[in-house]
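*Asks:* Chain by chain, the residues run as shown.
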Amino acid sequence: MSEATATPPAGLNADMEEAGFYHECALNGSWTASRLAMGGLSFLFGSFLFAYFYLRSLNSGGRWEGSGYHAPSMIMGTVMMLMVLISAGINYAAVQRIKAGHKKAWQIGGVIALLLGLATISMQIFELLNLPFYPASSGFASVFVGFYPVFIIVVLSAMIWLETLLARSRFIPGIAFVEQPPTYEEAFVVQRFQASVSGFTAIWNYLAVIAILFWFLFYVI
Amino acid sequence: MAIEIEPEKAQGPSGPVHAAPGNSKPWWARPAVHTGLIGAVIGYIIGHWLGNLISPATAGVSSFSTGLSDVRNWPLVLGYVFGTIGWLAGLGVFNDLGRLMLGKPLPDAEHAPAGGVAKYFRYTLDHKVVGIQYLFGMTTYFLTGGLFAMAIRTELLSPTYHVLNASQYLMVVGEHSTMMMMMMSSVVLGPFGQFFAPLMIGSKRMAFPRIEALAFWLTPAAYVILLSGILLGGFPTGWTGYEPLATQAGPGMDTYALAFGLMGISLILAGFNLIVTYINYRAPGMRWSRLPMFVWSMFTVSFLQVLSVPVLVAGLYMMLMDRTAQTAFFTNQLGGSSYLWEDVFWFFGHPEVYILALPGFGVVSEIIPVFTRKPLFGYRVAAAGMIGVSLLSFFVWQHHLFDSGINPDMRPLFMLTTELISIPTGFIYLVAAGTFWKAKITFSVPMLFAIAMYFNFLIGGVSGVFLSDVPADVTEHGSFFVMAHFHYTIMGGLIFAFMAGIYYWLPKMLGVKMNEKLGKWHFWTMFITFNSTFLPLFALGMMGMPRRVFEYQRNLQTLNDWVSISSYLLGVSLLIFLINLIMSTLVWRVKESGNPWRSRGLEWQVSSPPPPENFERVPVVLSHPYLYGVKDAPPVADLNPPVGVVASAYASAGLEA
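If you read the protein sequences in the order shown, they are chains Y and D. Be aware that the first sequence starts at 1, since it is given in the working numbering, and climbs by one per residue. Be aware that the second sequence starts at 1, since it is given in the working numbering, and climbs by one per residue.
Hints in this document: simulated from the structure, not taken from any laboratory. The C-beta atom is built at its ideal place from N, Cα and C for all residues, glycine as well. Do not take every clue at face value.
Stated by the list, open to error - Examples of chain Y residues toward chain D, derived with CB under 8 Å: (1) Glu17; (2) Gly20; (3) Leu36; (4) Ala51; (5) Pro132; (6) Ala136; (7) Glu163; (8) Thr164.
Please model the entire structure based on the sequences and the hints provided.
*Replies:* Encoded structure:
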């Protein structure tokens, strides 16, 4: 055990040491949690992916699309997918800004990403209420009507997360992102915030990929 | 889904520590079960009203979709959904989310003194409290499911004279099976997994205590919703919820989907929290090669939960959409397929079997080295066995569909994968056999239950290998033989391990020891009556007794009567356990504050019950937990390491003061 012979840094006491230990655990935990959430979500969305291909290949009773099939609006679907994509892109660019110490730039980017996410949710609800087919009209209709409410709930959860980050950022001085704060408590707060932003960005980018995938399935092929 | 790292004590020590909210308020004004109930009622009323508002809008859909269920249970389903949200809101689950959305700091509620018994009826963030909540919660589930089992056996006393009619019988079977499956998934992961996760890895805390507490508080809601199905006529499908019967069934089917779905979400959250905790919150020196076997079992099971249970939740959601929004996921004539349900359900359902089996092996692997005073034989083999079982469990689900009309060419592949899984399971038996070899065994109550677990699971496992063969499966499918097989693995395996765990760990959890004499009475009566109940079911199955049928051939009555009487005696045995549990914890309270089993486990190195913060300092783990009988074995951990030792573990991150 090499650590058993370590010399304590000057001024270190047991409470500080423990605080640092659990801080480090929390930072790593944030990374693990966001990646694990992506794994779980992949299986959730994967169920709909499976249903899509299963019912499509089975074409039970010739009703994968059914007679008199009307496709959902390509324009609306594309706009919604692009909004998620742009939101994720703006957030990603804003995260690069906060890494460079520009808190304000991240906040502006974050607010735009949030608004785009909420607008997507609103449009998706509008689309679900005005579909050109009944839910039971075909296998396609069932998967479409089944998938998007789940996607809306997940996106809404992500937007709530983003909102909490924006709210928290108001109480962190901008200077803390530029130079090391004077106390380790303040440094921990900033690092936790950054870890959470990083986790959110990973999830939001992932959801953008999911949006593209299902747009391709529902609107393109 | 918002992942939030708690501002923990690390925010201090000199920084602001926010008091837990509302401690100054009178008890009735603080969030607890009573406010949760009020929230549930209000939520149900709102949901029911909203459902009535939506229902006319879907009427046109129904008229279009001939062949679908007439049931459009929007009021019922939304009532339960909003009722659950209201229940959680009343408990105060969303309070901290609200604070975060306003940018306010979170209170240090995790370490706030909750006070007395009241903390068990609150949304408490201490993992030890959550573990005990789970213990009593899951025991309630188990006893309720057991009463349904008694009702089944009472009906089967006679082939022609009926206590229950056919639909009532199916309802009771459905309630029994679903409640038991929901409970079994959490019966070890809940009480022991949550209580001991940080203690066994040397941590003072969980990664996400709020998610952990939420996972528990979803289970009472699931319990009430499932039971309410009785008032709605129950559901005829059993726990498998097969389509198209599920779409055709009455409103009781919605309670199945909602309750099972809530339990699924609870399992995902609990597993998620455990994985993050195990990976990131291990004490310095707690290498993967020193992880207790129980932690390995929880770790692998948690992965199964996080990855397989979302598929169940998605399937149940599709079922509810078919029954409310009138989609046609599972309606063949409208472009859906009932096979889709079978695939989705069993993709979850078979890993679920190992979600039930592995925790049991984790518990007994923890116990046998203590009572043989020998190191666990083949530690790495045991860990590899658990990982192997977990991985393979994702590739066997089609064996549940052998008899359903699937492409026959698919059968040999899934027969092979199913048989393969017996190899890593065999690893675990090898480990047990090696540990028992030439050992001087102390036959205490936990050890008796552990040995019985191996015995029972062997019968269940071997009959499982037999059933994995296509010809055998085609012959025995749907018979009592299959039922005997899975009761041997689940009740004979998991529940015996759960009992072993209670007798072993209760002194640690509550600081009181269970009565040894009553414990032995409990063990012997349970072991004999369990085998007397379930062993004849193999014979009944071979003689042609089908599952889920309330009338049977006259020549099967003698064996059925034997089984029913045995099951009543099994109930009496469980009553002995219940009396022992209640009397030992509430009345006799024989204090046990030390280490009664002389265990090397890290959890036993602190006082019983553990102090609020688990450890005074972050411990440094020095050696393997199973070095029993090893001369000059180093202590398992330094509980009071000098300042600087722990810091050096994370010094590379440059976080020194």
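*Asks:* Next item in the hint list is Ala136/Y. Is there a CB on chain D closer than 8 Å to its CB?
*Replies:* Holds - the Cβ of Ala136/Y comes within 8 Å of chain D, reaching about 3 Å at its closest.
*Asks:* Hold the hint about Thr164/Y up to the distance rule: shortest CB distance to chain D must be less than 8 Å.
*Replies:* holds, 4 Å
*Asks:* Using 8 Å as the Cβ threshold, decide whether Glu163/Y counts as touching chain D.
*Replies:* holds, 6 Å
*Asks:* Is the interface hint satisfied for Glu17/Y? The criterion is a beta-carbon contact with chain D at less than 8 Å.
*Replies:* holds, 5 Å
*Asks:* Can you verify the interface hint for Ala51/Y: is its Cβ closer than 8 Å to any Cβ in chain D?
*Replies:* Constraint on Ala51/Y satisfied, holds at 6 Å.
*Asks:* Can you verify the interface hint for Pro132/Y: is its Cβ closer than 8 Å to any Cβ in chain D?
*Replies:* Cβ of Pro132/Y sits 13 Å from chain D, so the hint is violated.
*Asks:* Given Gly20/Y as an interface hint, is the shortest Cβ-Cβ distance to chain D below 8 Å?
*Replies:* holds, 5 Å
*Asks:* Min Cβ distance, Leu36/Y to chain D: is it shorter than 8 Å?
*Replies:* holds, 6 Å
Hint check: a violation occurs at hint 5 only; the rest are consistent with the structure.
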